Structures are given as structure tokens and as C-alpha cells.
Amino acid sequence: MTCERCEGLMVSEQICDLQGTNREVCANGYRCLLCGNVVDATILENRRRSSETVEPLTVYSRRMPRLVAA
Numbered sequence: 030m031t032c033e034r035c036e037g038l039m040v041s042e043q044i045c046d047l048q049g050t051n052r053e054v055c056a057n058g059y060r061c062l063l064c065g066n067v068v069d070a071t072i073l074e075n076r077r078r079s080s081e082t083v084e085p086l087t088v089y090s091r092r093m094p095r096l097v098a099a
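Under this note's numbering, think of the first position of the sequence shown as 30, with each following residue one higher.
I should point out that these hints are in silico values taken from the structure, not numbers from a laboratory.
All values reported here derive from a predicted model rather than from experimental measurement.
Wrong hints could be hidden among the right ones.
What the hints assert, rightly or not - Pairwise CB distance ranges, derived in the manner of DEER restraints: (1) 73 with 35: 15 to 21 Å; (2) 71 with 40: 27 to 33 Å; (3) 82 with 45: 27 to 33 Å; (4) 77 with 43: 19 to 25 Å; (5) 81 with 55: 24 to 30 Å; (6) 57 with 33: 17 to 23 Å; (7) 54 with 80: 25 to 31 Å; (8) 43 with 82: 28 to 34 Å; (9) 45 with 73: 14 to 20 Å; (10) 74 with 35: 21 to 27 Å; (11) 38 with 78: 23 to 29 Å; (12) 75 with 45: 17 to 23 Å.
We put the CB at the ideal spot given by N, CA and C, even for glycine.
Turn these sequences into a full structure, and let the hints steer you where they fit.
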């Protein structure tokens, strides 16, 4: 598995919530060996939900309708 941030190697890891803020104490996930990015089922579900609700922005400026290479 490859990291979305840095293209590093992701390894399987058991992630534990030691503060007890989550219902489940431990969950299986992946951690990047290069940048430390963590991904588990909860993170993936939240990303999926947020991407469904966001509408793409359309930007239009009358001052600069297009860029011209010099």
C-alpha cells in the first residue's frame, strides 16, 4: 500500500486510543513509514462522507479570462 501524502510505504498497525475518547479501544489501520500518515476505517469513512457533501467551486474572473504564454 502506498501513502497518499508522500508515496511512502504503508504498514499494517494496530492503533489504540489510550485516552478512551473512542468507543473501541483499538483498531486496525495503516501507518506510513516515511511521514507517519495514519489511515483506518473511521478516517476513510469520514473522508468519503465529506467528499460527498462538498460541491466543486467554479471561479470566474472578468479581469483575467485566460492566461497567455509570453
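A quick look at each hint next to the structure:
no., hint, verdict
1, 73 with 35: 15 to 21 Å, "holds (18 Å)"
2, 71 with 40: 27 to 33 Å, "violated (18 Å)"
3, 82 with 45: 27 to 33 Å, "holds (30 Å)"
4, 77 with 43: 19 to 25 Å, "holds (23 Å)"
5, 81 with 55: 24 to 30 Å, "holds (28 Å)"
6, 57 with 33: 17 to 23 Å, "holds (18 Å)"
7, 54 with 80: 25 to 31 Å, "holds (28 Å)"
8, 43 with 82: 28 to 34 Å, "holds (31 Å)"
9, 45 with 73: 14 to 20 Å, "holds (18 Å)"
10, 74 with 35: 21 to 27 Å, "holds (23 Å)"
11, 38 with 78: 23 to 29 Å, "holds (28 Å)"
12, 75 with 45: 17 to 23 Å, "holds (19 Å)"
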